[in-house]
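Engineer: The listed protein sequences correspond, in order, to chains B and S.
Note that the first sequence covers residues 3 to 257 in this note's numbering.
Note that the second sequence covers residues 389 to 681 in this note's numbering.
It should be emphasised that the hints constitute simulated quantities derived from the structure, not laboratory data.
Watch out, some of these pointers could steer you wrong.
With a Cα cut of at most 27 Å, we get these calculated BS3-like pairs of lysine-lysine [unchecked claim]: (1) B:Lys4 - B:Lys203; (2) S:Lys637 - B:Lys230; (3) S:Lys619 - S:Lys582; (4) S:Lys531 - B:Lys240; (5) B:Lys4 - B:Lys158; (6) S:Lys640 - B:Lys240; (7) B:Lys230 - S:Lys619; (8) S:Lys637 - B:Lys20; (9) B:Lys251 - S:Lys640.
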Amino acid sequence: MKIAVAIKQVPLRDSPLKAAASGLWIDEAGLSYEINEPDAYALEEALQLREKHGGEVIVVCAGPERAGQSIREALAKGADRALHVRDELAGLDTLGVARLLAAALKAEAPDLILTGLQSDDLGYGQTGVVLAELLGLPHSTIIMRVEVNGASVRVKRELEDGWFQHIEMPLPAVLTIQSGLNKLRYATLMGIKKAKTKEVKVLTAAELGGLTPATAVIEKIYAPHKTKQAQIFEGDAKTAATQLVEKLKFEARVL
Amino acid sequence: MSVLVILERHRMAGEALAAGREFAAALGVPLAAAEQPEAAYTADGYTAAYEALIREKNPTLVLFAHTYQTRDYAPKLATRFGKTLISDVIAARFDGAGPIFVRQLFQGKFNADVRAAGSGPHFVSVQAGAWRAAPTEDGSIEKFTPSVDAAASRQKAEAPFRESARAVDLTQAPIIVSVGRGIQEQSNIPVVEKLAAALGAELAASRPICDAGWLPMERQVGSSGQTVAPKLYVAVGISGAIQHLVGMKGSKVIVAINKDPHAPIFEAADYGIVGDLFEVVPALVEAIGKAKG
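Please put together the full structure from these sequences, using the hints given.
Structural biologist: This is the structure:
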């Protein structure tokens, strides 16, 4: 089967972030990047499905030139080839990006499209669902298990408060994958070497129908206003701990 | 022209309604609500049902609670109207050029003002706990119930189930010590176990810790785990992603211990220590022992 995985490149977890002078996005100078963690789980699931059912795994990623590094990482982990929608995409909203991804995937006609349930940067949590609608495919979200049975797929979907549900739908379909459903693999040295020779097809927005103006427009980003002022204890651990316990005992009265 | 609130059978329905009331007043338009259909949920079925209702009523704004069900179909519905769902919103402002919604970026490290551009309907979902719930049994609001063609759905859904009876009920614990990625390794878990023991607390965790199998899933606090409100919640090495915060921000007193002074957990905390948890937690265990002894 042909499995496509949509991945996004995001700043390395716990990077120190500050707003850019424009106020429209973060200052990207000096940042390192990685594959959005939920997407890494989607990639792993795709690789495991290929090991079971055969076929190929195609990575699709929209982002500037630097995203090529995350694409190589996905190839090093075992994806067969990649589509890179390489363009200036700043200011696009989810629908705008999903339109480009959908156009890139249409020609590939995959049996299954996987992606993470949300991105660690924008966090809209909708790209997979929008992609399904644009491609006219059924979908399901926050998936904990994937079983492919011939022409259909049965999934375990996570609900709230510890509930789950099984859903069956025909292929081709789109699934958004919950983090933690599998164990991520590392790229092997051999994988890294092989990745260099794998095909990365570069596509521009113009080739994919062009850019659509955003309907959700970021006008400004800023540090959250403090609604609650925490009392912070600093200094050496012992002093801070003693001060905290005093407060918990005599001010908050919870000890 | 109206604000249409989608009332899911969910504890957050009243919060969406409260947000809807605020937005309707600000826009000077009537408030209406759509009840959840009787037919069981499928993404295809509900999308088609709400699409027909929205085309008929032509609201300015369609409002959802940001639940798992909303996440499953609302983006699809918004796409049918050429819109991006402005999801997980925590506040809103209105000016001459239309509504501006505030939502979090980078797991709560930033807020963003997001303008809903162009003409309506706009699609917005509100975050758990961002609005104080209004009663949904309100006769003054016009209510509709969309009809679902269940046979047309490509998704065939089975009945929801639970893996096993929950052995740990964190909701009853008066004190909780909760651990996150900062603990680094499974072999470090005893560091926080000692703190829990000193406080007489239940041990809990953020999602990544349970995903990794370092603590059982039934000890997870957050949107996909348990929602707790103890008298004391001590977050150790938890950065405070939105998904975690919604599960614990109702706690009476929140203490955060984290090495990153900019971690969003400090926004929710009453008391905090910025420092290395491997130094701070043992010092805390000792100080608690002294205070209690």
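Engineer: All hints, please: hold or fail.
Structural biologist: Quick rundown of the hints versus the structure:
{"no.": "1", "hint": "B:Lys4 - B:Lys203", "verdict": "holds, 17 Å"}
{"no.": "2", "hint": "S:Lys637 - B:Lys230", "verdict": "holds, 11 Å"}
{"no.": "3", "hint": "S:Lys619 - S:Lys582", "verdict": "holds, 19 Å"}
{"no.": "4", "hint": "S:Lys531 - B:Lys240", "verdict": "violated, 59 Å"}
{"no.": "5", "hint": "B:Lys4 - B:Lys158", "verdict": "holds, 21 Å"}
{"no.": "6", "hint": "S:Lys640 - B:Lys240", "verdict": "holds, 25 Å"}
{"no.": "7", "hint": "B:Lys230 - S:Lys619", "verdict": "holds, 17 Å"}
{"no.": "8", "hint": "S:Lys637 - B:Lys20", "verdict": "holds, 25 Å"}
{"no.": "9", "hint": "B:Lys251 - S:Lys640", "verdict": "holds, 14 Å"}
In terms of the numbered hints stated before, the structure departs from hint 4 and from no other.
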